[in-house]
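K.L.:
Here is how the chains run, residue by residue.
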Amino acid sequence: MPGVRVAGVGVTSFGNAPERTGRDLFGEASAEAFSDAGVDRADVESLYYGNFMGELAEHQGHQGPLMAEAAGIRAPATRYETACASSSAGVRQAVKDIRNGEADVLLVGGAERMTNLGTAGATEALAIAADDLWEVRQGMTFPGAYALMARAYFEQFGGTREDLAEIAVKNHEHALDNEQAQYNSEISVEQVLDAPMVSEPLGLYDSCPISDGAAAAVLVSDEYATDHDVDAPVAITGTGQGGDQLALHDREHLATSPAADEAAAEAYDEAGISAADVDLAEVHDCFTIAEVLAIESLGLYETGEGVDAATRGETAAGGENPVNLSGGLKAKGHPVGATGVGQIADVVKLLRGDHVNSDAVPDADVGVAHNAGGTVASAVVHVMEVRE
Amino acid sequence: MTESEDVRNEGFDDALDAVAEGEGYYLECSNGHGSLPPRRVCPDCGDTELTEQRLPASGEIDTYTVTHVATPNFADDAPYVVAIADFGPVRLTGQLRGVDPDAVETGQVVGVDVATTETTGERLLVFERR
Chain F
0 MPGVRVAGVG VTSFGNAPER TGRDLFGEAS AEAFSDAGVD RADVESLYYG
50 NFMGELAEHQ GHQGPLMAEA AGIRAPATRY ETACASSSAG VRQAVKDIRN
100 GEADVLLVGG AERMTNLGTA GATEALAIAA DDLWEVRQGM TFPGAYALMA
150 RAYFEQFGGT REDLAEIAVK NHEHALDNEQ AQYNSEISVE QVLDAPMVSE
200 PLGLYDSCPI SDGAAAAVLV SDEYATDHDV DAPVAITGTG QGGDQLALHD
250 REHLATSPAA DEAAAEAYDE AGISAADVDL AEVHDCFTIA EVLAIESLGL
300 YETGEGVDAA TRGETAAGGE NPVNLSGGLK AKGHPVGATG VGQIADVVKL
350 LRGDHVNSDA VPDADVGVAH NAGGTVASAV VHVMEVRE
Chain H
0 MTESEDVRNE GFDDALDAVA EGEGYYLECS NGHGSLPPRR VCPDCGDTEL
50 TEQRLPASGE IDTYTVTHVA TPNFADDAPY VVAIADFGPV RLTGQLRGVD
100 PDAVETGQVV GVDVATTETT GERLLVFERR
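Quick mapping for you: the protein sequence lines, in order, are chains F and H. Using numbering that gives the first Met the number 0, the first residue of the first sequence is number 0, and each one after it goes up by one. Using numbering that gives the first Met the number 0, the first residue of the second sequence is number 0, and each one after it goes up by one.
Among the clues, some could well be false.
[As the list claims (entries may be wrong)] Ranges of calculated distance between the beta carbons of each label pair, as one might list FRET restraints:
no.	chain 1	residue 1	chain 2	residue 2	range
1	F	K95	H	C44	25 to 31 Å
2	H	E20	F	T159	39 to 45 Å
3	H	P88	F	D226	56 to 62 Å
4	H	D112	F	G2	47 to 53 Å
[Unchecked claim] From chain H, some residues computed to sit far from chain F (all C-beta separations above 12 Å):
no.	residue
5	R39
6	E51
7	R53
8	V103
What the hints contain is simulated information worked out from the structure, not anything from laboratory work. These numbers were taken from a predicted model, which means no experiment stands behind them. Even glycine gets a Cβ: it sits at the ideal position worked out from N, Cα and C.
Model the full structure from these sequences, guided by the hints.
P.N.:
Here is the structure:
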């Protein structure tokens with residue numbers, strides 16, 4: 000089975016750029032990915048592109064071909080939509096294509112324009128990832144859904160708002176020197192606890208921001224990398240996806256994310272690794288509680304034991320399980336369709352040694368990216384390893 | 000042409016009508032799994048023999064949140080309490096009405112009814128303490 004290499008990655012700054020179009024954002028990210036890869040655009044055989052709310056934010060459907068144009072490639076292009084896990088689902092398809100010999104060079108990525116909708120408009124757009132009839136019509140928002148999970152977690156396993164605040168503080172700390180992050184500001188536990196409530200028990204600083212941005216990556220087969228002398232030291236060695244019922248109330252458990260358990264198990268099995276082999280993780284912390292669910296699904300912590308990992312300092316730079324060295328969605332930003340490939344770009348750079356926080360993990364060989372859609376009705380996990 | 004917002008959602012609006020009349024129901028497959036309409040197949044086991052069963056009169060709050068930042072459709076409703084209540088064969092998401100948000104607790108027993116939102120007058124499921 001042909002191996003899959005990440006030849007190059009490119010990410011725009013994430014943040015507040017309401018005037019920039021999706022096509023402009025993806026044009027920038029893809030150009031950087033091609034430049035990083037040193038791969039000829041003419042060799043690209045397909046684009047798999049993730050986007051969630053393009054119809055609502057830009058009145059733009061059928062974004063695959065549009066983004067192929069923006070990237071300067073002439074190839075078939077398909078948009079993937081699994082809410083906030085959209086671009087990771089596209090990566091998964093690309094990995095399968097290269098493995099089964101159907102392709103040698105693929106462009107993956109995603110983009111999202113959100114801030115032009117305003118806070119209320121973006122909140123409404125994000126809510127469509129939930130069940131319209133049985134959840135959204137009752138007033139359930141996206142932060143509201145995670146708040147329901149957070150309270151269920153506290154009731155079932157314990158943990159406090161202070162524990163969640165420590166996650167936000169840690170992720171802001173990680174983003175201090177990340178110029179592409181939306182926030183480069185330090186915050187304190189007190190600030191998190193005193194911030195205005197969004198949906199109790201989650202406050203403003205428990206929540207990731209609304210962001211504009213794009214991310215792209217060029218994936219190639221081992222053979223193409225060798226034949227074309229492409230420097231691509233990081234391989235994608237495992238891909239996994241899990242699914243769950245869309246509405247939170249239809250699930251057996253309200254305080255765990257079994258779809259991500261399945262995704263991680265599949266990705267680890269393909270890569271032949273276990274959680275103990277993972278040197279660093281970029282996880283989907285759209286809300287502080289989401290990082291807890293993620294690190295438990297990834298097996299870095301037992302179910303019910305991840306909530307105070309940040310409080311103990313274990314998931315910080317220098318800790319035994321560094322999580323979200325990029326700043327995570329919380330500090331880096333969350334342009335939803337771009338987030339999955341953005342995480343992969345961070346893992347690749349951390350493993351290559353050219354990330355702003357690479358010094359925190361000088362000997363890292365194995366990184367994972369965990370990307371979730373909705374209240375984790377979709378989850379995609381990728382394992383990346385250094386293969387010289 | 001009919002404005003799309005005026006068109007009923009068959010199955011869902013029928014279920015809300017029944018709740019409003021005090022005759023709420025859920026769907027049950029021949030293996031006893033409960034689910035919410037509209038459905039043609041049990042999401043748990045794939046069984047296609049679904050029958051309407053009477054929704055238990057009361058449920059227990061499993062989890063809840065007080066939402067302060069709402070979407071435009073609920074702007075005048077905020078702050079409001081959204082809860083998931085366990086009715087046995089199915090759980091429901093609804094707004095808890097008539098209770099001070101500070102007095103809400105998990106485990107509280109509630110009934111379900113249909114009311115309208117402050118902002119748009121659209122129907123929604125509401126829980127009331129029993």
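K.L.:
Decide, hint by hint, whether the structure agrees.
P.N.:
Hints and how they fare:
1. F:K95 <-> H:C44: 25 to 31 Å: holds, 29 Å
2. H:E20 <-> F:T159: 39 to 45 Å: Since the Cβ atoms of H:E20 and F:T159 sit about 43 Å apart, the hinted range of 39 to 45 Å holds.
3. H:P88 <-> F:D226: 56 to 62 Å: With a Cβ separation near 60 Å, H:P88 and F:D226 satisfy 56 to 62 Å, so the hint holds.
4. H:D112 <-> F:G2: 47 to 53 Å: About 59 Å separates the Cβ atoms of H:D112 and F:G2, which means 47 to 53 Å is violated.
5. R39: Given a closest Cβ separation of 15 Å, the condition holds.
6. E51: Non-interface label on H:E51 holds, nearest chain F Cβ at 16 Å vs cutoff 12 Å.
7. R53: holds, 19 Å
8. V103: Violated: least Cβ distance 10 Å, not greater than 12 Å.
Checked against the numbered hints above, the structure violates hints 4 and 8; every other hint is satisfied.
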